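Trainee: Chain order of the listed sequences is A and B.
If you use this note's numbering, the first sequence corresponds to residues 1 to 385, in order.
If you use this note's numbering, the second sequence corresponds to residues 386 to 647, in order.
Treat the hints as calculated values from the structure; they're not laboratory data.
As the structure is a computational prediction, the values presented were derived from the model and not from experiment.
Take the hints with a grain of salt, since some may be wrong.
What the hints assert, rightly or not - Under the rule of at most 20 angstroms between Cα atoms (straight-line distance), these lysine to aspartate or glutamate pairs were calculated in the DMTMM-like manner:
hint	chain 1	residue 1	chain 2	residue 2
1	A	LYS325	B	GLU456
2	B	LYS544	A	ASP289
3	B	LYS647	B	GLU613
4	B	LYS529	A	ASP292
5	B	LYS391	A	ASP292
6	A	LYS325	B	GLU600
7	B	LYS398	B	ASP488
8	B	LYS544	A	ASP292
9	B	LYS398	B	GLU424
10	B	LYS544	A	GLU288
11	B	LYS529	A	ASP289
12	A	LYS373	A	ASP248
13	A	LYS69	A	ASP52
14	B	LYS466	B	GLU534
15	A	LYS325	A	GLU263
16	B	LYS393	A	ASP292
17	B	LYS619	B	GLU644
18	B	LYS544	A	GLU311
Stated by the list, open to error - Far from chain A, by Cβ distances over 12 angstroms, these chain B residues were calculated:
hint	residue
19	LEU407
20	ARG437
21	ASP460
22	PHE492
23	ILE495
24	VAL496
25	GLN521
26	ARG558
27	ARG559
28	TRP611
29	LYS619
Glycine included, each C-beta is placed from N, C-alpha and C at the ideal position.
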Amino acid sequence: MSSTPNVGEHVIVKRADFEQLLDALNARNYQIVGPTVQEKAIVYDEITSVNDLPIGWTDEQDKGRYRLKRRADEALFGYVISPQSWKKFLHPASLRLWQAEQTDDGFHITETAPTAPQYAFIGVRACELNAILIQDRVFMHDTYVDPNYQSRRTEAFIMAVNCGQAGNTCFCSSMNAGPKVSAGFDLALTEIIEPDRHEFVVEIGTELGAEVMGEVAYQTASQAVQEQAEQIVTEVASQMGRLLDTTDIKALMYRNFEHPEWENIGNRCLTCANCTMVCPTCFCTTVEDVTDLTGQQAERHRYWDSCFNMEFSYIHGGSVRSSNKARYRQWMTHKLATWVDQFGTLGCVGCGRCITWCPVGIDITEEVATIRKTDSALLTRLREK
Amino acid sequence: MLKKHKPKLAVWKFASCDGCQLSLLDCEDELLAVAGAVEIAYFPEASRATMRPPYDLSLVEGSITTAHDAERIQDIRRVSKSLITIGACATAGGIQSLRNFADVQDFINIVYASPEYINTLATSTPIATHVFVDYQLRGCPINKMQLVEVINAYLNGRKPNIASHSVCIECKRRGTTCVMVAHGTPCLGPVTHAGCGAICPAYNRGCYGCFGPMETPNTSALSTQWHETLGVDKDDIIRVFRGFNAFAEEFRKESDYYESAK
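Isolated chain A (complex conformation) (with noise of 0.2 angstroms):
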């Protein structure tokens, strides 16, 4: 079949026809970025051909842990998430936003334009997706727009793939966030793989989506291969390796501000800032301004920053939240009350992220289960009773 597909339409590329998907995208100039095995991880980084995919490799999370794995079969997509997300190349760790040149009668600022690569990102999950949404609501739809955010999002290419299986610091159910892609993706793969087969049903989600697949050899998906597909995504559902109880999230985090557990994970937190670095919603940055040595020059950096860093909150004569569980809490409360006021969502998909790189372990998941089984409010009506 050669003609173009429809938008909601869903069509069969077979796992020998994968190829083509990639091809498509390159001939149009994108750069690829899609999962490859580096360092014994599965990371985000730039791919060439579909055997740069992590063909038959998996990934084992647990709070702390992360170890890449051998599967029984050849899936290209059978592995759970990246150490990294999307962010760092939609919001770049480190950037020039100016340079400026001392003048005769002042300086004078060459503004650093927006230079991103066209990126097709291959295999976004569904949590994912949505964390990019958030970051779309914080850099481009409010009064400020950062215009390398906004260039670089607006031109990329989205081929998100359904998860075939949930990791143990998945939680995405629990923030209504997956693992099934509902939106804002050009194309949603689901991998289907079993012993005589191989292939993918592909949902087409934008004219964009629908010129690719054009150009690819597909067929049309018959209903009950559809179903076929929608039920791997379902079992996933129901495989989540942690639970996040959200109800009334917002002001259980508010009325919990004195809890005692922030003292507790104080002892443990590191305040590396690593669980920020990995959120793929965390947004925060700080700017470097650098001279040459004549004080001729000067050129503005701007860099990933965090919560957990002291300079983060130096105002006159110190930092705000010096203590550890000052931070921890601070960020916390950011994701699961703070955001909802600022942003209107929660500011957490359930990734998990937070809860593998955390080199000593400490679990979002376990931390509200705790606050929640303490909650004060709860604790009040205990004692009147």
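Got chain A; can you put chain B on it based on the hints?
Mentor: Here is chain B on its own, set in the frame of chain A:
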């Protein structure tokens, strides 16, 4: 019009390996710019020509290990408008501060053929223990670009852009996968001061703390994780914290804790 006065720079050596002051010579591309911006007034490692004191900026490498050096640093402070310590020896006492955890006489008897010629203090201490220090640049060795940044900031009257957060942030910014979480490799990164650019984890090694403790190091939480989850022996925990920054307060407390628990 009077020619603008170029600040006079002096570079001093105490107990150390010279590696940090060599970083200045190692600057290559930036060296000429530095030499153009300052008057190199005293730098025996680089030039025999010396200018008389006072000096605008003194860079001090090394720790205080002799009575003579303890006096000499006082003189240097007196003739220096600003004094910046560079490297783990100057900022924390260096690897030679291992003597602080033992009896220096025992070392002397083992190492030297004629121990009677050795006249040394019982401890190796950082420069800031003896005199007021305007700024401390960490590292074993220091990062040469950070040294240029410190000189640059001094020349332009601004605060240096030197972050004191963890090495983990440097790993994440450069996209290095965590060696502790993904490989089970013990890494000091979460408690160590940034500055090296996270070199060791980029080569699949754990950080061994060359830049000393970060701003708020939770060493006990990290060592507990090493011991209980990664199975690191308590003696190895002592050895890891007793490296180039052994005498830095937070690292010292951690190794002392495990030693006293023996």
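Trainee: Against each hint, give a clear statement of whether it holds in the structure.
Mentor: Hint check results:
1. LYS325(A) - GLU456(B): Not OK: LYS325(A) and GLU456(B) at ~44 angstroms, beyond 20 angstroms, violated.
2. LYS544(B) - ASP289(A): holds (10 angstroms)
3. LYS647(B) - GLU613(B): holds (16 angstroms)
4. LYS529(B) - ASP292(A): Measuring from Cα to Cα gives roughly 15 angstroms; hence the hint holds.
5. LYS391(B) - ASP292(A): Roughly 16 angstroms separates the two Cα atoms, so the pair holds.
6. LYS325(A) - GLU600(B): holds (15 angstroms)
7. LYS398(B) - ASP488(B): This hinted pair is violated, its Cα atoms lying about 25 angstroms apart.
8. LYS544(B) - ASP292(A): Given pair LYS544(B), ASP292(A) holds - Cα atoms ~14 angstroms apart, limit 20 angstroms.
9. LYS398(B) - GLU424(B): Status holds; Cα separation ~18 angstroms.
10. LYS544(B) - GLU288(A): holds (11 angstroms)
11. LYS529(B) - ASP289(A): Since the Cα atoms of LYS529(B) and ASP289(A) sit roughly 18 angstroms apart, the hinted pair holds (cutoff 20 angstroms).
12. LYS373(A) - ASP248(A): holds (14 angstroms)
13. LYS69(A) - ASP52(A): holds (17 angstroms)
14. LYS466(B) - GLU534(B): The hint holds at about 19 angstroms.
15. LYS325(A) - GLU263(A): holds (6 angstroms)
16. LYS393(B) - ASP292(A): holds (19 angstroms)
17. LYS619(B) - GLU644(B): holds (8 angstroms)
18. LYS544(B) - GLU311(A): Status holds; Cα separation ~13 angstroms.
19. LEU407: holds (20 angstroms)
20. ARG437: Nearest chain A Cβ is 25 angstroms from ARG437(B), so the label holds.
21. ASP460: The claim holds: ASP460(B) sits with its nearest Cβ about 29 angstroms from chain A, beyond 12 angstroms.
22. PHE492: Holds, since 34 angstroms exceeds 12 angstroms.
23. ILE495: holds (38 angstroms)
24. VAL496: holds (38 angstroms)
25. GLN521: holds (16 angstroms)
26. ARG558: violated (4 angstroms)
27. ARG559: Non-interface label on ARG559(B) violated, nearest chain A Cβ at 8 angstroms vs cutoff 12 angstroms.
28. TRP611: violated (9 angstroms)
29. LYS619: holds (18 angstroms)
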